[in-house]
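J.: Protein chains in written order, with UniProt numbering: chain W, 1 to 295; chain D, 1 to 293.
It is possible that part of the hints are untrue.
The calculated EDC-like cross-link candidates involving lysine to aspartate or glutamate, where the alpha carbons are at most 20 Å apart (straight line), are [said to hold, decoys possible]: (1) D:19 - W:256; (2) W:192 - D:26; (3) D:202 - D:187; (4) D:19 - D:30; (5) W:39 - W:256.
Hints in this document: simulated from the structure, not taken from any laboratory.
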Amino acid sequence: MLHRRLWLFAALAILPTLAIFAWVRLFPIVETLRLSLHKWDILSRNKPFIGLANFQELMGDRLFREALLNTSIIAFGVLIVTIPLALVLAALIHHRTGSRFGPFNESAIFVPHIVSLVPAAMAWKWIFDAQLGPLNALLGVFGIPAQAWLFDPVWSIVCIIILCSWQALGYAVLIYIVGFRSLPESVFEAAKLDGATGRQAFWHVAVPMLKPITLYVSVVTLISAFNVYAQALVLASDSQGAPGRQVRVLVLDMIENSFRNYRVGYAASEAVVLLVIVLSLTLIQFGLLREKGRR
Amino acid sequence: MDKDAAAPLATREAARAHKARRSATDLLIDVVLVAFSCVMVLPLILLVANAFKSPAELLAWPPTLIPIQPTLENFRAVLSDTPLMRWIFNSLVFSVLSTLSILATSAITGYILAKFPSKIMTVIFAVMLATAIVPFEVYMIPLYFQVQGLGLLNSVWGLLVGYLVMSFGIFLIRQNVIQTIPDELLEAARIDGAGEWWIFLKVVLPLLRSALGALGVLAFFQSWTVFAWPMIVTTTRESYTVEIGLALFQTGYTVDLGRLSAASAVVLIPSIIFFVFLRRNFVKGIASTGLKD
């Protein structure tokens, strides 16, 4: 009898969450998959099933291909900047544990990760600004000619990578610091006894042992960078309102297709592409971890 | 270790030299780290400084860190140009409600999933983890039409629909319950005749206080900084969150840098203060995301 009462409680208590979960997570996810196979222009009632036609069209869509390419470049750019930098910074911070400056360093590196995106992006936009920006002024001191960073097709992407890396770094450093703290002290003592220098211990002991963490941070960084949107939107127009160069990214293309071109099914198929990318990255992570576990 | 261990004096010399070299390296590392940290916060500091500058001083090179003639003119102009306070209010209400909802659903669900193990619970947990991998941006368009169907566009309630639950929060609380609350404690309470709700509220919740604190801070900042969702759900000036308000405000033709910086500073300063006070909660919450595997 007692047993039954317990289970009744469990069922009743978990039910509201399950209902919300089904309503705001499961349903829209399934709906995305379903819509991607349909043609729907918001206004009309019927949504004819068109199979994979949306995906076929995506293949030839110049704007989508541009968005996919830009987003991938940004995501991998952020990865290449963030991970090595975070590893070195975390190693140095860990080495100086207990230092007077420790709390300041950790906070300063972490703050960009939590502050609101738009104000932070605005700060960087001012820095990169062609006329008013301190970056050009600084480079001018060294005799480097001013650049319209946010209007150049290559530099504007580099600017987004810098902004996103600046934001992502704090998280990666934090996770690495946790990783360094979890490494057994004895391994480093053994390395020292064998005559390894600090740098050798870092490369040959710490880095290999931190591989699962590197893998995890890399995948998280990549996935969040694939969802880049606000950064591209804010950096695109300059502070005087003149239209800058819009760096087309996936989420932006998706929102435009859905709410400007009223092609919801088509936008949903883009969302599915994003989902496939994210799932593959996650599966690669699990695969690599398992492979490592077997060895 | 040392070859010249036989000569005490030389050893001591060597040790001293070693120590000196070490502290020199440590000093160098400190300098590098502090310099790097300063560069990281410099954009934010300059932004806040710009908010207090006159148009003339904004053009000065090198940019001044502390305004020579601080002025509140930019703040006054921004507050009369935009419903900034309204936007902040919207963001605040949305974030607080979302945090409360996430705390409530995570606490009860995490507890049930941890302490009432069965096949169904395992399946539920697996489904929740699987959906956690799917980025919000993937399913936000159908969700938008659900909100539209309820007539909740352009309202805080519509915003809230997207952020009622957090898979990671459920996961975090479940782990915490498993680690910190022994079955014996619950059994003892049951034998004393305590009801299940009483046990949850009076025994379990107090023990989860620190985990819920960490989760609360995470949840609050998640909705405070969210961008894509309010971008599509809110389309009237009165209903914007502060992020959207600022992003669209900066595309206006009459906007100058001073006002933009002032508006940004109004948003940044409270969240940085908040962070400084809750740094430990934060670090704990975020760090635990890395311990998934």
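J.: Indicate, hint by hint, whether the structure satisfies it.
T.: Evaluated hints:
no.: 1; hint: D:19 - W:256; in the structure: 62 Å, violated
no.: 2; hint: W:192 - D:26; in the structure: 18 Å, holds
no.: 3; hint: D:202 - D:187; in the structure: 14 Å, holds
no.: 4; hint: D:19 - D:30; in the structure: 16 Å, holds
no.: 5; hint: W:39 - W:256; in the structure: 16 Å, holds
Of the numbered hints given earlier, the model fails hint 1 alone.
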